[in-house]
Structures are given as structure tokens and as C-alpha cells.
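Taken in order, the sequence shown gives residues -23 to -1, 1 to 170; the numbers are from mature numbering (1 follows the signal peptide of the UniProt record, and there is no 0).
Take the hints with a grain of salt, since some may be wrong.
[Unchecked claim] Calculated lysine to any residue pairs in the SDA-like style (CA-CA distance at most 20 Å, straight line):
#	residue 1	residue 2
1	68	24
2	6	154
3	6	82
4	68	51
[Unchecked claim] Now the in silico label distances, taken between C-beta atoms and shown as ranges:
#	residue 1	residue 2	range
5	129	63	36 to 46 Å
6	6	88	21 to 31 Å
7	69	155	33 to 43 Å
8	166	102	40 to 50 Å
9	68	166	19 to 29 Å
I should point out that these hints are in silico values taken from the structure, not numbers from a laboratory. All residues carry an ideal CB built from backbone N, CA and C; glycine is no exception.
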Amino acid sequence: MKKSTSVLIALVFVTAKITETYCTEKICKEDFNKCYTNDDCCTKKCITNNKLQLGFCYGNPDSEKLVSRILKQNKCLVDSSINKKLDEKMKEEYGSLNVASDIYQDETILELTINNITERVIINNLNSKSKSPILRLSLTVAKNFVVEKEGFVPCHFTFFSKGFREEKYHWIFYFICYITYYIITFITYLMMP
């Protein structure tokens, strides 16, 4: 009985170490991924823009410079390659004022200003296909801001509310990792003499 108890205790410690290492690695984010605090990043370095309520992980001075440049950008791209069929699908799912972004997660709401017209827009799940610019608008959406042609336009936007999908899945994974550890610990406790 003593041997099986020792084996179970050893199993708990091994499981705890694997869970701690694996869960931390899966939860933390690599360079150029979105972050809100230093703890979100594997490197423990998150550069943020308070106005946008957004940041990026970085690990070295070069990535920090690139991230800073992205956060300071104030240009949006009006893109005619977003075809009418896709535009209608996005309108149906997200509403008439939806824009693409590689940086913000879908369902994030921003207040976007172009040509002194300010509207709330929602980020759709269509990536902007480029780290630059931050936002990509279809011609249909751009017409709400009195923009009739494709290309770059000066724009300013402020964060309104954060999307929730990424956090939801993040916490599900966190829960699964740690519940496994506690179940094994509980089983070990029950089997002890």
C-alpha cells in the first residue's frame, strides 16, 4: 500500500509540473499577438496604446519598434476586393457597419471617424490580410463616411468595447488544464490510507 501511495504522489507532482508548463505555454502569446497586460505574453512584454485599449507582445527591440509603429498608425484601407456577396454575408452577421482587422478580435466595437463623420463599427471575422493598415473597409461601408473610391484614407478610431470570443476560449482551456490537476490530486487523496 505504501508503494502505491508513493507512486500516486509522484504522479501528482509530475502532472502538476506538466500542467503548469503546458497550460502556461498554451495560454501565453508570442510576439505580435494581441495582449492587454504583460502577463498575456510569453516574453512578459506587452506594449499598449491606452487610447485603443490594445497592445501587442514583443520580445526584442526590433519587434517593439514595429509594434509601436502599428499602434500609432491612423490610416484605413478602403478595399474593393471585398466582393458584394461577401459584403452581404458580413452585413447579415455583424450589421451594416463592419470592418476587417488582423489586430482586433471579431465583435470588438470601435468608434471610427473618417471625414469628420463618426460611427460605431464592429470588427468582423474577415482578416484584413495585412498588418498594415489596422482596419480595412468595403466600399459599401466606406460610403457611410462619404468615401467613394478605394485606397488609403486618414481615419481615427477609439476603442469602445472588446470582443469576447478569444477570452471565452482562453478560459475554457485554462479550466480544462487545471481541473485535470485537481481531479488527479483528489483521486490520490481518496486512495491514501
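Lying within 19 to 29 Å: is that true of the beta-carbon distance residue 68 to residue 166?
-> About 55 Å separates the Cβ atoms of residue 68 and residue 166, which means 19 to 29 Å is violated.
Are residue 6 and residue 88 spaced within 21 to 31 Å by their CB atoms?
-> For residue 6 and residue 88 the Cβ distance comes to about 26 Å; the hint holds.
If you check the beta carbons of residue 129 and residue 63, does the distance land in 36 to 46 Å?
-> Violated: the Cβ-Cβ distance is about 21 Å, outside 36 to 46 Å.
Does residue 82 lie within 20 Å of residue 6 when you go C-alpha to C-alpha?
-> holds, 14 Å
Quick one, are residue 68 and residue 24 close enough, alpha carbons at most 20 Å?
-> violated, 33 Å
Given hint residue 154 paired with residue 6 - CA-CA distance at most 20 Å = holds, 17 Å
Assess, step by step, whether the Cα of residue 68 is no farther than 20 Å from the Cα of residue 51, and give holds or violated.
-> violated, 24 Å
Residue 69 and residue 155, beta-carbon distance inside 33 to 43 Å?
-> holds, 38 Å
CB-CB spacing for residue 102 and residue 166 relative to the 40 to 50 Å hint | holds, 44 Å
Violated hints for the displayed structure, listed by number in ascending order: 1, 4, 5, 9.
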